[in-house]
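Taken in order, these protein sequences are the chains called A and B.
With our numbering as the guide, the letters of the first sequence map in order to residues 1 to 224.
With our numbering as the guide, the letters of the second sequence map in order to residues 1 to 81.
Be careful, since some hints might not be right.
[What the hints assert, rightly or not] Listed next, the stretches of chain A that the computed footprint assigns to chain B, with coverage defined by at least 3 CB atoms under 8 Å from CB atoms of chain B: (1) 48-55; (2) 106-112; (3) 116-126; (4) 129-139; (5) 149-155.
Derived by calculation from the structure, the hints in this document are not laboratory data.
As the structure is a computational prediction, the values presented were derived from the model and not from experiment.
Note that CB positions come from ideal geometry on N, CA and C, so glycine has one too.
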Amino acid sequence: MMPDLFVANNHRKRKKKEKKDFLKPENNETIREIKKRGPQNALATFAVHPKNIRAKIQDRDEETILFLRRHLITNVGWMLLILGLILVPLFAFAFFSFATIPLSFRIMGLIFWYLITFAFAFERFLTWFFNIYIVTDERIIDINFVNILLKDVSEMKIDRIQDISSKTEGFVRSFFRYGDVFIQTAAHVPEVCFEAVPYPSSVTAVLNDLILQEEQEKLEGRVK
Amino acid sequence: MTPFEQFVQNLAASGFNFWFLIKILFIIALTLYLAFAVIIVRQVKVMFETLKGMLDWPIKLIAWVHLAIAVFIFILAFIIL
Numbered sequence: 001m002m003p004d005l006f007v008a009n010n011h012r013k014r015k016k017k018e019k020k021d022f023l024k025p026e027n028n029e030t031i032r033e034i035k036k037r038g039p040q041n042a043l044a045t046f047a048v049h050p051k052n053i054r055a056k057i058q059d060r061d062e063e064t065i066l067f068l069r070r071h072l073i074t075n076v077g078w079m080l081l082i083l084g085l086i087l088v089p090l091f092a093f094a095f096f097s098f099a100t101i102p103l104s105f106r107i108m109g110l111i112f113w114y115l116i117t118f119a120f121a122f123e124r125f126l127t128w129f130f131n132i133y134i135v136t137d138e139r140i141i142d143i144n145f146v147n148i149l150l151k152d153v154s155e156m157k158i159d160r161i162q163d164i165s166s167k168t169e170g171f172v173r174s175f176f177r178y179g180d181v182f183i184q185t186a187a188h189v190p191e192v193c194f195e196a197v198p199y200p201s202s203v204t205a206v207l208n209d210l211i212l213q214e215e216q217e218k219l220e221g222r223v224k
Numbered sequence: 001m002t003p004f005e006q007f008v009q010n011l012a013a014s015g016f017n018f019w020f021l022i023k024i025l026f027i028i029a030l031t032l033y034l035a036f037a038v039i040i041v042r043q044v045k046v047m048f049e050t051l052k053g054m055l056d057w058p059i060k061l062i063a064w065v066h067l068a069i070a071v072f073i074f075i076l077a078f079i080i081l
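Based on the provided sequences and hints, a complete structural model is requested.
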């Protein structure tokens with residue numbers, strides 16, 4: 001089939017709408033299935049067509065299809081550590097005498113301990129909260145909040161994706177159904193990894209649908 | 001008496017103001033903490049500019065309250081130590 005040399009604007013808009021419609025739950029079985037899983041709010045780890053959640057770099061007519069972050073269970077490690085840090089002063093005061101330390105220093109030490117504990121917890125929460133993967137109908141956006149001083153945002157067009165694979169290994173990951181999704185690309189970022197996201201096979205399925213749509217667009221000569 | 005307590009008593013007996021040194025260390029640590037709290041407020045603001053439509057105000061509020069507490073404790077350290 002010959003690609004179109006010229007595509008009228010209204011035709012392009014109509015095709016774009018068709019693409020959006022294809023990705024709506026009522027028309028797409030994969031999306032319909034995964035929409036039923038869990039809450040779809042701002043604290044969700046897996047949201048389909050989340051309302052109002054958008055990255056700044058998204059175009060106005062670019063729709064968010066998937067919104068992902070690390071599975072909640074990945075937070076258990078640091079939460080247990082926080083619990084331990086909260087309990088340390090209680091045990092310390094129960095088992096040791098701090099009589100030689102002036103009261104004001106004891107109080108200040110205690111306050112400082114809990115301040116550090118809170119800071120650690122808040123930093124870990126923010127790292128989880130802002131480590132986000134967004135799949136739109138045009139591209140993949142990977143927002144990394146590595147720590148309080150380092151963040152990076154990378155994006156790639158759907159049509160640059162070459163290969164997608166997912167991996168779920170280990171008892172915990174299999175039980176809670178989360179894993180990694182690896183996306184090989186022809187872009188300047190050779191590989192993007194969605195780490196520890198829920199339902200990796202569903203994510204792969206949605207991405208495959210998007211690639212198919214993109215390929216069809218290419219054949220019809222209406223790539224954006 | 002624990003070795004630490006003995007160490008503290010020996011220092012006090014020699015005329016060295018051990019607690020003044022600890023106070024300085026506290027002030028330095030709380031100054032660093034204050035900087036950290038400011039960075040958190042700043043980073044949260046930047047992240048919500050990058051991402052829209054997520055629990056903006058509760059997290060911004062926590063970051064600002066955290067900064068206010070850090071300032072309060074910094075002042076408290078000057079007063080009570």
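Hints versus structure:
1. 48-55: holds (count 6)
2. 106-112: holds (count 4)
3. 116-126: That given contact holds, which follows from 6 residues of the segment 116-126 of chain A lying within Cβ reach (below 8 Å) of chain B.
4. 129-139: holds (count 3)
5. 149-155: The restraint on the segment 149-155 of chain A holds, since 3 of its residues have a Cβ under 8 Å from chain B and three suffice.
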